[in-house]
Structures are given as structure tokens and as C-alpha cells.
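Listed below, chain by chain, are the residues.
2 protein chains.
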Amino acid sequence: MKRNMAVSFVLLSMFAFITIGKTGPTTPPVRESLTAERLLQVDKDFAKASEAKGAAEAFALFLAEDAMQLPGGAHPLFGRKAIVENMGSGYLLKWEPKKAEVAKSGELGWTWGTYELHTKDADGKPTVRYGKYVNVWRKQKDGRWKVIVDLGNPSPPPNQP
Amino acid sequence: MKRNMAVSFVLLSMFAFITIGKTGPTTPPVRESLTAERLLQVDKDFAKASEAKGAAEAFALFLAEDAMQLPGGAHPLFGRKAIVENMGSGYLLKWEPKKAEVAKSGELGWTWGTYELHTKDADGKPTVRYGKYVNVWRKQKDGRWKVIVDLGNPSPPPNQP
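Chains as they are written, first to last, in our numbering: chain A, 1381 to 1541; chain B, 1381 to 1541.
Wrong hints could be hidden among the right ones.
Calculated pairs, DSS-like style, for lysine-lysine (alpha carbon to alpha carbon, straight line, at most 25 Å) [said to hold, decoys possible]:
| hint | chain 1 | residue 1 | chain 2 | residue 2 |
| --- | --- | --- | --- | --- |
| 1 | B | Lys1433 | A | Lys1479 |
| 2 | B | Lys1474 | A | Lys1428 |
| 3 | B | Lys1484 | B | Lys1433 |
| 4 | B | Lys1461 | A | Lys1519 |
| 5 | B | Lys1479 | A | Lys1461 |
| 6 | A | Lys1521 | B | Lys1484 |
| 7 | B | Lys1479 | A | Lys1521 |
| 8 | B | Lys1526 | A | Lys1519 |
| 9 | B | Lys1433 | A | Lys1484 |
| 10 | A | Lys1478 | B | Lys1526 |
| 11 | A | Lys1526 | B | Lys1519 |
| 12 | B | Lys1478 | A | Lys1461 |
| 13 | A | Lys1526 | B | Lys1479 |
| 14 | B | Lys1484 | A | Lys1526 |
| 15 | A | Lys1484 | B | Lys1521 |
| 16 | B | Lys1505 | B | Lys1526 |
| 17 | B | Lys1478 | A | Lys1519 |
| 18 | A | Lys1484 | B | Lys1479 |
| 19 | B | Lys1461 | A | Lys1478 |
| 20 | A | Lys1519 | B | Lys1519 |
| 21 | B | Lys1484 | A | Lys1484 |
| 22 | A | Lys1521 | A | Lys1428 |
| 23 | B | Lys1526 | A | Lys1479 |
| 24 | A | Lys1519 | B | Lys1484 |
| 25 | A | Lys1478 | B | Lys1519 |
| 26 | B | Lys1433 | B | Lys1526 |
| 27 | B | Lys1521 | A | Lys1479 |
| 28 | B | Lys1479 | A | Lys1479 |
Far from chain A, by Cβ distances over 10 Å, these chain B residues were calculated [to be verified]:
| hint | residue |
| --- | --- |
| 29 | Leu1420 |
| 30 | Lys1433 |
| 31 | Gly1434 |
| 32 | Glu1437 |
| 33 | Ala1444 |
| 34 | Asn1466 |
| 35 | Leu1472 |
| 36 | Lys1474 |
| 37 | Glu1481 |
| 38 | Leu1497 |
| 39 | Asp1503 |
| 40 | Pro1506 |
These are computed hints drawn from the structure, not numbers from a lab. Glycine residues also receive a C-beta, built at the ideal position from the N, C-alpha and C atoms.
Sequences and hints are given; from them, build the entire structure.
Structural data, given as C-alpha cells:
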């Protein structure tokens, strides 16, 4: 009897432990939205870094080593090194993340938003080009979110249809 | 004693059930790659549907009701209905999915690939425009993968740098 009680207790403890262990994945709404909020904030930090340090340096910080970029009018670029080398300088790339979504497992997500590319035309006159983008993100082994896919395309100015 | 044995048995069964229930998420490598293969095949089916039925009908079949499209040169479109209505006809949209990735939790993934837009120019002469795309996919309640984000941008022809 004592032995059976002991077994019951052990099993009960294990069951309780497993149940508690499982509450993470089985209480998603709050946790998921917190994770999505967190990823949205990371994309906002990425945008802030681009305004503060320039796009190339920001991309060097926020891209995964195995990132892929699909640049408009060019072939895909593979790897952070190739992407950053291709980015050049002398322009201001600003963007406004609009939404983030993260998988229940918490390691894969995506964001989208609108961007403004502030540059100068052939006559040196400042111009702004508008567009929108999607980034796919993967949480790295150190817990940091990094961009694994970057692509976008042009949009009309915000006040035009 | 009998009662304790019964309790032990019930707890043991629950424990076994929970353990089996948990093996899914904790044996990822094979399962993940199978899931990614499956999603890649769904994107290939989507492409086949576009060639067989036209892009608009294929998009009507493969887009989630709450899908978003980020069309080049235009503002975002929200909802399958708005996207499909905007797609028109009289062209052939072919694409070749290259890679799929699925989150460990199995409900969120993405694909990318290259596309060819076969259309006619102002003089009625057949032309091909090339590009690449990313689709974000969410598994629906019925277990089917549907596109929740669609965007792409132009590329040079495959044989040009």
C-alpha cells in the first residue's frame, strides 16, 4: 500500500510537472501576442538603427548570416556579407513596421511595413521613393531575432491612390 | 490497494499518453523537413493551378480569406476577395517554388521562388517579364496551407546578370 501510494505520488508529480510544462504552448493568445509585439519592436529597433547608422550597418547587425535578399530589378542575393556589400551608402532608408506574426513555437516570424528611400536624383535634388516590404525572421541560438528574408517593392506616395 | 493500483494505472496511462503526445514537437529534424517538403509541394500545386486555371482562380483557391498582397507599384491589398478581383485575366503567371520553411509548431511557413509573367505588349507581341516572390503561409483549421502574404518584384531574365 505504501509502495503504491509512493508510486502514485511519483506519477502524480510527473503528471503535474508535465502539465505545467505543457501550459506554455497551450495558453497561446497572450503569449503569442507578446511574442509578436516583441518581434515588431525588434523591427522598429532595426529601423531606428538604419536611421542612426545607415542601412548597410543596420543590415549587418540585424541580418542572419544565411539571410537572403530579393532586390527589385536584380537577382537574389545570398548571405549577409553579399547583401551588406551590395547596399552602398549616401541614402537614408527609413521604414515603419506595421505588423508582426510569430509561430506558436516562437522561432519563426514575419513583419511587414512601409519604407521611404531618401536619395538624390541625377541633378542632386532630394527625392523620396516609397515602398513596402516583408521580412521573415528566425530566432537565433542566442535568442536574438534576425532577418532571414528581405524583399520589397515600390508604392505610390502615401497620399496618392 | 486495488483502488491505489487503479489510480496508478490511470496516472500511468495519462503519463504515457502525454509522453506520446509530446514526442511530436520533440523529434523535429525529420518531421520539420517533411513539413517543409509538404509546403513546397503545396506551392507547386498552387503554380500548377495557375497554369491550368489562370492566376485569379488559383489565387481564389490558395489564398486565405485574410490574405494580404503587396503588389509592385501599388498600395497593399487586404483580403482574398480584393486581391482576386484585382488580378484580371489574359495573361499566364507561372512560377517555380525554390524553397519552403515551416516553424517547429507546424502552422506557419514561407516559400520563395521565381516567376514568369507571360503577357502581350501594346503591339500584341508576346513578352515575358521575370521576377521572384515570397509567400507566407498559415495552416488553416481544416489542415490546409493557405497563403497569407504575397509579394514579389522584377528580376532580369535568368541568363542576364
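Each hint, compared with the structure:
1. B:Lys1433 to A:Lys1479: With Cα atoms ~33 Å apart, Lys1433 of chain B and Lys1479 of chain A exceed 25 Å; violated.
2. B:Lys1474 to A:Lys1428: violated (38 Å)
3. B:Lys1484 to B:Lys1433: violated (33 Å)
4. B:Lys1461 to A:Lys1519: Outside the cut-off at roughly 33 Å; violated.
5. B:Lys1479 to A:Lys1461: holds (21 Å)
6. A:Lys1521 to B:Lys1484: Holds, because 14 Å separates the two Cα atoms, which is no more than 25 Å.
7. B:Lys1479 to A:Lys1521: holds (22 Å)
8. B:Lys1526 to A:Lys1519: Satisfied, since the Cα-Cα distance of roughly 23 Å is no more than 25 Å.
9. B:Lys1433 to A:Lys1484: The hint is violated at about 34 Å.
10. A:Lys1478 to B:Lys1526: holds (21 Å)
11. A:Lys1526 to B:Lys1519: holds (23 Å)
12. B:Lys1478 to A:Lys1461: Holds, at about 22 Å.
13. A:Lys1526 to B:Lys1479: holds (19 Å)
14. B:Lys1484 to A:Lys1526: Since the Cα atoms of Lys1484 of chain B and Lys1526 of chain A sit roughly 17 Å apart, the hinted pair holds (cutoff 25 Å).
15. A:Lys1484 to B:Lys1521: holds (14 Å)
16. B:Lys1505 to B:Lys1526: violated (35 Å)
17. B:Lys1478 to A:Lys1519: holds (22 Å)
18. A:Lys1484 to B:Lys1479: Measuring from Cα to Cα gives roughly 21 Å; hence the hint holds.
19. B:Lys1461 to A:Lys1478: holds (22 Å)
20. A:Lys1519 to B:Lys1519: holds (21 Å)
21. B:Lys1484 to A:Lys1484: holds (8 Å)
22. A:Lys1521 to A:Lys1428: Measuring from Cα to Cα gives roughly 24 Å; hence the hint holds.
23. B:Lys1526 to A:Lys1479: With a Cα-Cα distance of about 19 Å, the restraint between Lys1526 of chain B and Lys1479 of chain A holds, given a limit of 25 Å.
24. A:Lys1519 to B:Lys1484: holds (12 Å)
25. A:Lys1478 to B:Lys1519: Holds - the C-alpha atoms of Lys1519 of chain B and Lys1478 of chain A are around 22 Å apart, at most 25 Å.
26. B:Lys1433 to B:Lys1526: Given pair Lys1433 of chain B, Lys1526 of chain B holds - Cα atoms ~18 Å apart, limit 25 Å.
27. B:Lys1521 to A:Lys1479: holds (22 Å)
28. B:Lys1479 to A:Lys1479: holds (24 Å)
29. Leu1420: Holds, because the least Cβ-Cβ distance between Leu1420 of chain B and chain A comes to about 15 Å, which exceeds 10 Å.
30. Lys1433: holds (25 Å)
31. Gly1434: It holds; Gly1434 of chain B is separated from chain A by about 23 Å at its closest Cβ, greater than 10 Å.
32. Glu1437: holds (24 Å)
33. Ala1444: holds (12 Å)
34. Asn1466: Check passes; 13 Å lies beyond 10 Å.
35. Leu1472: Leu1472 of chain B clear of chain A: closest Cβ-Cβ about 21 Å, beyond 10 Å.
36. Lys1474: holds (18 Å)
37. Glu1481: Non-interface label fails for Glu1481 of chain B: nearest chain A Cβ at 7 Å, not farther than 10 Å.
38. Leu1497: It holds; Leu1497 of chain B is separated from chain A by about 14 Å at its closest Cβ, greater than 10 Å.
39. Asp1503: holds (24 Å)
40. Pro1506: holds (22 Å)
Comparing the model with each numbered hint stated earlier shows that hints 1, 2, 3, 4, 9, 16, 37 do not hold.
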